[in-house]
Amino acid sequence: MDLAAAIYPVRRLKEQITLLISFFDPSDPVGTVVLGVIVAAVVAAALWTLRRFKDPVTITLKRIAQKAPKRFHPFLKDSVSLVNPDWHLATSTRTKNGAASRVAQLRALSNPKIFLVGSTYLDLTLSPVTVNSLEEQEYSDLDRVTPDCGGSAVYVGRHLWKKFGQRSYLFTQIGEGDGLSKELQSQLKREPWLREKTVIMAKGQQSGLSVILMQKESSFYTTFTHKGALADFSWDPILRKIQRKTGNGGLLYVSGYFRTNLCENLNRAIRSISPLVVTCVDHGRSQPSDNVKAARALRDAFSTGLVDIYICTLSELRQFAAALSVDIPEGCTREECLERAVAGGILPKATVVRREFDGVSLQADTVIDAKITSVTVDLSDVQPGALPGRKSAFNAGLIYYIANGISHGDFAAAVNEATRNALLTWANSQ
92 MDLAAAIYPV RRLKEQITLL ISFFDPSDPV GTVVLGVIVA AVVAAALWTL
142 RRFKDPVTIT LKRIAQKAPK RFHPFLKDSV SLVNPDWHLA TSTRTKNGAA
192 SRVAQLRALS NPKIFLVGST YLDLTLSPVT VNSLEEQEYS DLDRVTPDCG
242 GSAVYVGRHL WKKFGQRSYL FTQIGEGDGL SKELQSQLKR EPWLREKTVI
292 MAKGQQSGLS VILMQKESSF YTTFTHKGAL ADFSWDPILR KIQRKTGNGG
342 LLYVSGYFRT NLCENLNRAI RSISPLVVTC VDHGRSQPSD NVKAARALRD
392 AFSTGLVDIY ICTLSELRQF AAALSVDIPE GCTREECLER AVAGGILPKA
442 TVVRREFDGV SLQADTVIDA KITSVTVDLS DVQPGALPGR KSAFNAGLIY
492 YIANGISHGD FAAAVNEATR NALLTWANSQ
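Every position in the sequence shown, counted from 1, becomes a number in this note's numbering once 91 is added.
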């Protein structure tokens, strides 16, 4: 190859670069237009990238800020605000005292988002069941067997939709492949309240299943539950999606906690989401003593302010306390039980304890900063029926009014007001 042939490509490249540069000459009208188009395209691409990845970038900056020397904190805080202006507390730490500001900022949103994380079951309801004790016998008087979606997250989502027209985000896990899992998947597709769902499919596992024996006239029911794929449900496959969706705040409701593996990395998971998010937990009916590790992880989340509001019944609170070796004797009054739980240091900023219907009124107790308050709604003419998911109307009402109430800056007043409205929601549920 001669020298001229060797340098020809270089010369040609130089000519093309010179021509390209000439397009950017501001004195040339064409160059001005081309330069403007390129600058606009670069800016648009940068803005799109920033909006698309702002939550991961913010999370990364937050982690760096937590480990960096204090002299860098102002710079990092400004960087976080530049990347994500809505994440004002991104370089701060979630504490119990921050719950009031989180609720206030949540209520300032025009359309607060609600994120439901928890157990989803296929409910098989057998009715009417005319016996209340099992024996070796065959009965052929069942009227129907009804398949449906179940689980606290589903029930709460339905009540939010029926009562308030609120669509919610759902994060859950079901089985894959077997007939019951296919039925549950089909049922979920027909739920009108889902704004968006993230359903993890656990290959080779059955879905959670509840067999409900409904007594005649719905006087009461008995439930047999199989956890199935829910036993392995954890934060890892859903956390990144939650981080993206909660960047501007919202309310995160976690249910069915003890029947899942959500205890694994619980504190790390909540710390990694936007500190604007109000977090509520209802661990549901279970035996927390069977999973002491999960109970301890939840207590740590309570004590460090990672969870803002704990929703439970008195019996559930007793079980939780027992798992943490906090002694609440059976003979204790309701108020003594709450006082012992406070003394044991196992409660978060706010705890809402729903009582059972006594035929005269609907009642609940709130424990906010160790102060116990009773909330009562007289409803002598209302008879909440024994229907699966009926009591979840209380939880739905509570989280809705926490997110949508009128904020006056008083956290205790906000929770107590939401609790009263939740009792009314429960009373009027269908």
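Treat the hints as calculated values from the structure; they're not laboratory data.
Glycine is no exception: its CB is placed at the ideal position from the N, C-alpha and C atoms.
Some hints here could point you the wrong way.
[Claimed, not checked] Now the in silico label distances, taken between C-beta atoms and shown as ranges: (1) Gln228 x His317: 21 to 29 Å; (2) Ser231 x Glu287: 53 to 61 Å; (3) Glu430 x Gly270: 44 to 52 Å; (4) Glu274 x Asn356: 25 to 33 Å.
[Stated by the list, open to error] Think about it this way: if two alpha-carbon atoms lie no more than 27 Å apart in a straight line, the pair counts; the simulated DSSO-like pairs of lysine-lysine are: (5) Lys288 x Lys318; (6) Lys254 x Lys294; (7) Lys288 x Lys482.
Going down the list of hints, with the structure as the test:
Range check, Gln228 to His317: about 24 Å between beta-carbon atoms, so the 21 to 29 Å window is met. Here the CB-CB span from Ser231 to Glu287 is close to 44 Å, at odds with the stated 53 to 61 Å. For the pair Glu430 and Gly270, the beta carbons lie near 50 Å from each other, so the given range of 44 to 52 Å is met. For the pair Glu274 and Asn356, the beta carbons lie near 32 Å from each other, so the given range of 25 to 33 Å is met.
Simply put, Lys288 and Lys318 have alpha-carbon atoms about 20 Å apart, close enough for the 27 Å limit, and the pair holds. Straight-line distance between C-alpha atoms of Lys254 and Lys294 comes to about 36 Å, which puts the hinted pair past the 27 Å bound. Among the hinted pairs, Lys288 with Lys482 is consistent with the structure: their alpha-carbon atoms are about 23 Å apart, no more than 27 Å.
The structure fails to meet hints 2, 6 from the earlier list, while all remaining hints are met.
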